[in-house]
Amino acid sequence: MPTIRLKFFASLREALGPTGQIELPAGSTVGQARDALIALGAPHSEVLARGRAVRAALNQTLCDEPAVLSDGDELAFFPPVTGG
Amino acid sequence: MTTPRVAIQTADFDLSAEVLALRNADPGVGAVASFVGTVRDNNDGAGVSAMELEHYPGMTEKAIEQMIDEAFRRFDLRGARVIHRVGPLLPRDQIVLVVVSSAHRGQAFQACEFLMDYLKTQAPFWKKETTPTGARWVDARVSDDAALARWGIQGSNAASA
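In the order they appear, the protein sequences are chains A and B.
Residues in the first sequence are numbered from 1 upward in steps of one, following my numbering.
Residues in the second sequence are numbered from 1 upward in steps of one, following my numbering.
It should be emphasised that the hints constitute simulated quantities derived from the structure, not laboratory data.
Don't take every hint at face value.
Stated by the list, open to error - According to the in silico footprint, chain B covers these stretches of chain A (three or more CB under 8 Å from chain B):
#1 4-11
#2 72-79
Unchecked claim - Take a look, some chain A residues computed to stay more than 10 Å from chain B by CB distance:
#3 17
#4 19
#5 20
#6 24
#7 25
#8 28
#9 35
#10 39
#11 43
#12 45
#13 53
#14 62
#15 66
#16 67
Where a beta carbon is used, it is the ideal one built from N, C-alpha and C, also for glycine.
Let the hints inform the model, and build the full structure from the sequences given.
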């Protein structure tokens, strides 16, 4: 199964660590990756819970949950950005 | 050697030096507009004694480069430079610098504001501030999404889900 490399930032990094990886069926989406992480239970299920404001980037570009993943992709989850 | 357009750094920056570099690079420049963002000692009703800024190495630089590309498409620019600091900062410290050059002032003013509005909602940075009751991650503002929408770009960075 395709392996996806994970990165977390800010409050998600504090809860889950800076990096991880997950194996998903071919053709899985960013939203399905989030659901698979939620299914791991706490703390993932808490900080990635549906209804929480979580943003995603696929290969370092902001993306929406329907985006499709490929083997070796870098997928990052983080809260809304607050720079500037 | 050409100065890179984007720098993410812990060190402070010098507005005058950056303006001079854009002027020296191009005798066609007739206007330079700049914005400097600094650390306030208060936010959302609480005192702020310190701040920590985190970014996404690689993506942050790439995202800002793409924003500058978009600014060049929309405005008649001659040059641009964006510096954003990361790491620990204190009230009064400089956080972010946007400098743009153009032949005339109108395009420079607009491009400078466009880049800041874009950066606030689309560049991966996160602020954690220290208050009297402890450290907390700063919340994104819906008003920042509205600022970007004025330029015809719909963002939902601050939306609740």
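Evaluated hints:
no.: 1; hint: 4-11; in the structure: holds (count 4)
no.: 2; hint: 72-79; in the structure: holds (count 3)
no.: 3; hint: 17; in the structure: 14 Å, holds
no.: 4; hint: 19; in the structure: 12 Å, holds
no.: 5; hint: 20; in the structure: 15 Å, holds
no.: 6; hint: 24; in the structure: 21 Å, holds
no.: 7; hint: 25; in the structure: 25 Å, holds
no.: 8; hint: 28; in the structure: 21 Å, holds
no.: 9; hint: 35; in the structure: 14 Å, holds
no.: 10; hint: 39; in the structure: 19 Å, holds
no.: 11; hint: 43; in the structure: 16 Å, holds
no.: 12; hint: 45; in the structure: 15 Å, holds
no.: 13; hint: 53; in the structure: 6 Å, violated
no.: 14; hint: 62; in the structure: 7 Å, violated
no.: 15; hint: 66; in the structure: 15 Å, holds
no.: 16; hint: 67; in the structure: 15 Å, holds
Checked against the numbered hints given earlier, the structure breaks hints 13 and 14 and satisfies all the rest.
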